[in-house]
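Generate the whole structure from the sequences, applying the supplied hints.
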Amino acid sequence: MPPPVFRFAPSPNGLLHLGHAYSALLNFDLARQNGGRFLLRIEDIDGARSRPDYEAAIYQDLAWLGIVWETPVRRQSEHFDLYRDAVERLAGHGLVYPAFESRAEIVRMIEQSPHMQVSAKPWPRDPDGSPLYPGSVTTLPPQEREARMRAGEPFVLRLDSGTACRQAGALMWEEQGSGPGGETKRVAARPEAWGDVVLARKETPTSYHLSVVLDDALQGVTHVVRGQDLFWATSVHRLLQQLLGLPAPVYRHHGLLRGEDGRKLSKSARAASLQSLREQGLSPQNIREMVGLP
1 MPPPVFRFAP SPNGLLHLGH AYSALLNFDL ARQNGGRFLL RIEDIDGARS
51 RPDYEAAIYQ DLAWLGIVWE TPVRRQSEHF DLYRDAVERL AGHGLVYPAF
101 ESRAEIVRMI EQSPHMQVSA KPWPRDPDGS PLYPGSVTTL PPQEREARMR
151 AGEPFVLRLD SGTACRQAGA LMWEEQGSGP GGETKRVAAR PEAWGDVVLA
201 RKETPTSYHL SVVLDDALQG VTHVVRGQDL FWATSVHRLL QQLLGLPAPV
251 YRHHGLLRGE DGRKLSKSAR AASLQSLREQ GLSPQNIREM VGLP
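Take the sequence shown: its position 130, counted from the start at 1, is 130 in full-length UniProt numbering, and no numbers get skipped.
It is possible that some hints are incorrect.
Claimed, not checked - Mimicking SDA-like on lysine to any residue, the simulated pairs with C-alpha atoms at most 25 Å apart in a straight line are:
{"id": "1", "residue 1": "K267", "residue 2": "P247"}
{"id": "2", "residue 1": "K202", "residue 2": "R186"}
{"id": "3", "residue 1": "K267", "residue 2": "G255"}
{"id": "4", "residue 1": "K185", "residue 2": "G259"}
{"id": "5", "residue 1": "K267", "residue 2": "G66"}
{"id": "6", "residue 1": "K267", "residue 2": "L277"}
{"id": "7", "residue 1": "K267", "residue 2": "N13"}
{"id": "8", "residue 1": "K264", "residue 2": "L246"}
{"id": "9", "residue 1": "K185", "residue 2": "L26"}
{"id": "10", "residue 1": "K267", "residue 2": "R252"}
{"id": "11", "residue 1": "K264", "residue 2": "I106"}
{"id": "12", "residue 1": "K264", "residue 2": "G227"}
Derived by calculation from the structure, the hints in this document are not laboratory data.
Laid out in structure tokens, this is it:
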């Protein structure tokens, strides 16, 4: 039996913090304990926010923590053709359509929808809290969609989740951690809760959901160990794996490190970076103790 494969996949859009250290060290420890391999992947599909200096800082921080990874490192920005081909495969099965509305236009569509005019219930939202796409663009004739794309209008490519879920059937995943509600073991996927997710954009031929399942499959990742905030996103990933004929890894969603305000540590909230903690004189062992790892 081949050895298990674990990975850590940060985005180079800011400096790593303690939450990243916990996830990276946990994956590295599990790989060593199980006689497995540890991979590092740079998820840099967002060209506007990704920076070479942040990528260099990732390597420096992980090496300082004592983490060793296989080379070469996979960088998602070097594989756009692969992601584009996957979208075209899904489109060939009638599962993808272009949508042209801005976020503000989507909000306006929801406010003006017949549902909101007659129902006292709020508009349905996905597990992350974003309103589901109304889906009215699916009624556009194919010729009009193609003409608008040729004219250079901004657009995204969305997954027709209703058709996709019917094609895929009931899906499960093996969970070795726990979810927000304490779900463990075999978890029933609920991709319909996400609505018609974005698979690609005019300027970027992929999305997080699409590239992560393709990369995990191509790199032979057998164990995906990541934060609980991505627990229900696994539903979308299982759907895409089924549609594209990809293997399903084992999942383990770990708890999140939180600040004094109770919010999870994040780059946007300016959590203390590993670089700053190192400059303050902390050691890698100090970091292990701070994140609760032996």
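Hints versus structure:
| no. | hint | verdict |
| --- | --- | --- |
| 1 | K267 - P247 | violated (32 Å) |
| 2 | K202 - R186 | violated (37 Å) |
| 3 | K267 - G255 | holds (17 Å) |
| 4 | K185 - G259 | violated (29 Å) |
| 5 | K267 - G66 | holds (22 Å) |
| 6 | K267 - L277 | holds (15 Å) |
| 7 | K267 - N13 | holds (8 Å) |
| 8 | K264 - L246 | violated (31 Å) |
| 9 | K185 - L26 | holds (20 Å) |
| 10 | K267 - R252 | holds (23 Å) |
| 11 | K264 - I106 | violated (28 Å) |
| 12 | K264 - G227 | holds (10 Å) |
The structure is inconsistent with the numbered hints 1, 2, 4, 8, 11, although it conforms to all the rest.
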